[in-house]
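> Per the UniProt record's numbering, the sequence shown starts with residue 1, numbered consecutively.
Hints were generated in silico from the structure; no laboratory data involved. Bear in mind that the values here come from a model prediction, so they are computed numbers and not experimental data. Glycine included, each C-beta is placed from N, C-alpha and C at the ideal position. Take these hints with a grain of salt, some might be off.
[Unchecked claim] Below, computed lysine-lysine pairings styled on DSS-like, alpha-carbon distance capped at 25 Å:
| # | residue 1 | residue 2 |
| --- | --- | --- |
| 1 | Lys135 | Lys70 |
| 2 | Lys89 | Lys154 |
| 3 | Lys74 | Lys139 |
| 4 | Lys40 | Lys71 |
| 5 | Lys80 | Lys135 |
| 6 | Lys144 | Lys40 |
| 7 | Lys34 | Lys80 |
| 8 | Lys144 | Lys71 |
| 9 | Lys70 | Lys139 |
| 10 | Lys89 | Lys7 |
| 11 | Lys88 | Lys8 |
[Said to hold, decoys possible] The calculated label-pair distances, taken between Cβ atoms and stated as ranges, are:
| # | residue 1 | residue 2 | range |
| --- | --- | --- | --- |
| 12 | Lys8 | Asp86 | 57 to 67 Å |
| 13 | Ser23 | Phe61 | 26 to 36 Å |
| 14 | Gly57 | Asp86 | 45 to 55 Å |
| 15 | Lys88 | Glu142 | 24 to 34 Å |
| 16 | His152 | Lys80 | 14 to 24 Å |
| 17 | Ile24 | Phe121 | 24 to 34 Å |
| 18 | Lys144 | Glu36 | 24 to 34 Å |
| 19 | Trp9 | Lys34 | 15 to 25 Å |
| 20 | Phe61 | Glu142 | 23 to 33 Å |
| 21 | Lys89 | Val15 | 53 to 63 Å |
| 22 | Lys139 | Ala117 | 19 to 29 Å |
| 23 | Ala117 | Gln145 | 20 to 30 Å |
| 24 | Ala117 | Leu12 | 39 to 49 Å |
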Amino acid sequence: MRKKNNKKWLLLMTVFLVICIVSIFVIMSENKVKYEGSGKSGIWVSNLEKSDKTSIGPNYFLNLYWQGSKKDEKRTVVEKITLYIDGKKYDDREDYDLSEYKGEEMPDGGYMEDHIATFDFMPEEEVIGHDLVVKVEWKTGEKKQTEEMKLHKKSWY
């Protein structure tokens, strides 16, 4: 009787371990690579993230987050975001203006975005294995500033 219980326990443990190993393999095969970086001042943090929308193939998009003071956040306007891949400007569109950067409650309820997402649908082959630098130009009040962030590869696990 005791021998049967040991065999059942051993079988259950083996099945559990196999399920765990298969689960870990499936999770790791997702290949969720993320690139992150911040500037010297620490005011901005940026990342390139793999999109869940893969109907056109694996692609990435850029997020820019404000890390400065709440007081300055309300007066800050992002004027330009430039992405450099291997030292070359990624997007050749004309300069573009972005709206005020705010992460606050809206008058009718809800919240405004706490970050800027841009450069949607960047093909994976243009991101992986390349040197990535984000340059942000902004104005807080009348003071114009610029900061560069080198993005480094970080695995999600």
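> Return holds or violated for the Cβ distance of phenylalanine 61 and glutamate 142 against the range 23 to 33 Å.
31 Å, holds
> Check the following: the C-beta atoms of tryptophan 9 and lysine 34 are separated by a distance inside 15 to 25 Å.
41 Å, violated
> So does lysine 139 sit 19 to 29 Å from alanine 117, Cβ to Cβ?
20 Å, holds
> Does the hinted range 45 to 55 Å hold for glycine 57 and aspartate 86 at CB?
21 Å, violated
> Measuring from beta carbon to beta carbon, are alanine 117 and leucine 12 in 39 to 49 Å?
46 Å, holds
> Given a hint of 24 to 34 Å, does the C-beta separation of isoleucine 24 and phenylalanine 121 actually sit inside it?
Given range 24 to 34 Å: holds, Cβ gap about 30 Å.
> How does the Cβ-Cβ distance of lysine 144 and glutamate 36 compare with 24 to 34 Å: does it lie in that range?
Since the Cβ atoms of lysine 144 and glutamate 36 sit about 25 Å apart, the hinted range of 24 to 34 Å holds.
> Mind checking the alpha carbons of lysine 135 and lysine 70 for me, to see if they're no more than 25 Å apart?
It holds: about 22 Å lies between the C-alpha atoms, which stays within 25 Å.
> Taking 25 Å as the top limit, are the C-alpha atoms of lysine 70 and lysine 139 close enough?
15 Å, holds
> Should the hint that lysine 88 and glutamate 142 are 24 to 34 Å apart at their CB atoms be regarded as holding?
About 32 Å separates the Cβ atoms of lysine 88 and glutamate 142, which means 24 to 34 Å holds.
> Within 25 Å, alpha carbon to alpha carbon, are lysine 89 and lysine 7?
64 Å, violated
> Straight-line Cα separation of lysine 40 and lysine 71 no greater than 25 Å?
20 Å, holds
This entry does not satisfy hints 10, 11, 14 and 19, going by the numbered hints stated previously.
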